[in-house]
Amino acid sequence: MSEQQSEKGHHHPRPLSLSALRAKAIEALLVEKGLLASDVIDRIVETYENDVGPLYGAKVVAHAWCDPDYKRRLLRDGTAAIAELGFGGVQGEHMQVVENTPRIHNVVCCTLCSCYPWPVLGLPPVWYKSFEYRARIVREPRAVLQECGLDLPPNVELRVWDSSSELRYLVLPERPPDTEGMSEAELAALVTRDSMIGIAKAGRAKG
Amino acid sequence: MNGIHDMGGMDGFGPVQRETNEPVFHEPWEGRVFAMNISGVGRPPSTIDAGRHGIERLDPARYLASSYYERWLARMEEAIVAGGALSRDEIEAKIKEFSANRDLPVPRREDPAAAEQISLLLRTGNPVTRTILRKPRFAVGDRVMTRNLNPHGHTRLPRYTRGKHGVITAHHGAHVFPDTNAHGLGENPQHLYTVRISARELWGDTAETNECVLIDLWESYLANDSSGTKPPPPRGPAKAKSAKSKASSRSRESSRVQSKSIRKKAR
Numbered sequence: 001m002s003e004q005q006s007e008k009g010h011h012h013p014r015p016l017s018l019s020a021l022r023a024k025a026i027e028a029l030l031v032e033k034g035l036l037a038s039d040v041i042d043r044i045v046e047t048y049e050n051d052v053g054p055l056y057g058a059k060v061v062a063h064a065w066c067d068p069d070y071k072r073r074l075l076r077d078g079t080a081a082i083a084e085l086g087f088g089g090v091q092g093e094h095m096q097v098v099e100n101t102p103r104i105h106n107v108v109c110c111t112l113c114s115c116y117p118w119p120v121l122g123l124p125p126v127w128y129k130s131f132e133y134r135a136r137i138v139r140e141p142r143a144v145l146q147e148c149g150l151d152l153p154p155n156v157e158l159r160v161w162d163s164s165s166e167l168r169y170l171v172l173p174e175r176p177p178d179t180e181g182m183s184e185a186e187l188a189a190l191v192t193r194d195s196m197i198g199i200a201k202a203g204r205a206k207g
Numbered sequence: 208m209n210g211i212h213d214m215g216g217m218d219g220f221g222p223v224q225r226e227t228n229e230p231v232f233h234e235p236w237e238g239r240v241f242a243m244n245i246s247g248v249g250r251p252p253s254t255i256d257a258g259r260h261g262i263e264r265l266d267p268a269r270y271l272a273s274s275y276y277e278r279w280l281a282r283m284e285e286a287i288v289a290g291g292a293l294s295r296d297e298i299e300a301k302i303k304e305f306s307a308n309r310d311l312p313v314p315r316r317e318d319p320a321a322a323e324q325i326s327l328l329l330r331t332g333n334p335v336t337r338t339i340l341r342k343p344r345f346a347v348g349d350r351v352m353t354r355n356l357n358p359h360g361h362t363r364l365p366r367y368t369r370g371k372h373g374v375i376t377a378h379h380g381a382h383v384f385p386d387t388n389a390h391g392l393g394e395n396p397q398h399l400y401t402v403r404i405s406a407r408e409l410w411g412d413t414a415e416t417n418e419c420v421l422i423d424l425w426e427s428y429l430a431n432d433s434s435g436t437k438p439p440p441p442r443g444p445a446k447a448k449s450a451k452s453k454a455s456s457r458s459r460e461s462s463r464v465q466s467k468s469i470r471k472k473a474r
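So the protein sequences, as listed, match chains U and C. Position one of the first sequence corresponds to residue 1 (the working numbering), numbered consecutively onward. Position one of the second sequence corresponds to residue 208 (the working numbering), numbered consecutively onward.
Since the hints were made in silico from the structure, they are not lab data. From the three backbone atoms N, C-alpha and C, an ideal C-beta is built for every residue, glycine too. A portion of the hints provided could be inaccurate.
Stated by the list, open to error - Partial chain C-side listing against chain U, Cβ under 7 Å, derived:
hint	residue
1	Gly249
2	Leu280
3	Phe305
4	Asn417
Said to hold, decoys possible - Derived contacts from chain U toward chain C, CB cut-off under 10 Å, selection only:
hint	residue
5	Val40
6	Gly89
7	Thr101
8	Leu112
9	Leu123
10	Asp162
11	Ser165
The shape of chain U in the complex, shown without the other chains (with noise of 0.2 Å):
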């Protein structure tokens, strides 16, 4: 959907911030100087808010939960293995994937802007860009985790990556206890996008 589209239509009927008039004078101007193409622009959009997301990275972990294999070779190269399913590109280029245990809790974060695995998680959502996350998220992780519905044992390590690099990180989750019978498919529906930020465990409340 295109911005005019939604105000003139029915979406959004309320006026225009200052930031949405700026945004669109900007991209009138640049394609009245025949410098923007508007379906490079809407491609984008539309590839980011129907498209690539946490549904990909949940095939990569539910895949690595059925196939010890590949869940070695995922441990190992996680741009090559992820890119066996078919999935990687901008903000992926460099993928790491850390693994939760029984003993071992990792978490993710980028203290210094928002860095995050576009190609198997999508874009951020607001949380992980807030000021709050990234201040805290290194400091008092115990603390944040729990606020967020997750009580760690306090004998269980815990692991924060702040990326600051283009290193991405993606957690694998631990396989939720009851779960043996069931399909790829059924297990990828179990693996919500904050269990493999690391502020979740997977197939509890969704993320």
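Since the structure of chain U is provided, determine the placement of chain C on it from the hints.
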């Protein structure tokens, strides 16, 4: 630069608030701004590092008062104006035009070939690994000290990790060096390592003993740890006691003291 963007370890922001069923973009303009940024339209060719630095250089008060995509919009406008494609006056005049007539549509220009090309680019990405002749200075298991660097320009060495003892846990080959690449001074690829720094080392003796930060750091951010013996995990008085449970209850106590949230835009 020691900017407002370097937030790791800051106090005062309050609890993390999550939205249920969050849309990818909250308003259509956010998607347009995101896409215009990604496609690089209207600007001279740039790097991801220069783009990040553009956001870091926003006025700190503005940075804090802006949502994520407002920062992207501000960064994009700065770059477009600096590159000469549009002038401020043009932009302001166009804003007036649109605010006077809400029904005025954004004109369209189609370029299907370019749309296909951008899809391909999104799928392939821009790897930043490079081959260099220099051998890595560090190996997995080496104890290192992060350097106390305070450049005025772009860096990916956050303040909270400077001057700390750590251990190399992985070597990732050579990656483009953001500190020069952001300023058009070349890629200067360097070996990149993951460094493990214990929470005690970062935050002192009240931190948990079984927590750590793992962060990716370039070789020039690191020095040999000359202090010798046993730096990373617990140091200081608490080490002698090695009272894990005491430490964790103390820390839980302190985390209960929640500072009040500075109310500002949530996104």
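A quick look at each hint next to the structure:
no.	hint	result
1	Gly249	5 Å, holds
2	Leu280	6 Å, holds
3	Phe305	5 Å, holds
4	Asn417	5 Å, holds
5	Val40	5 Å, holds
6	Gly89	4 Å, holds
7	Thr101	14 Å, violated
8	Leu112	6 Å, holds
9	Leu123	6 Å, holds
10	Asp162	4 Å, holds
11	Ser165	4 Å, holds
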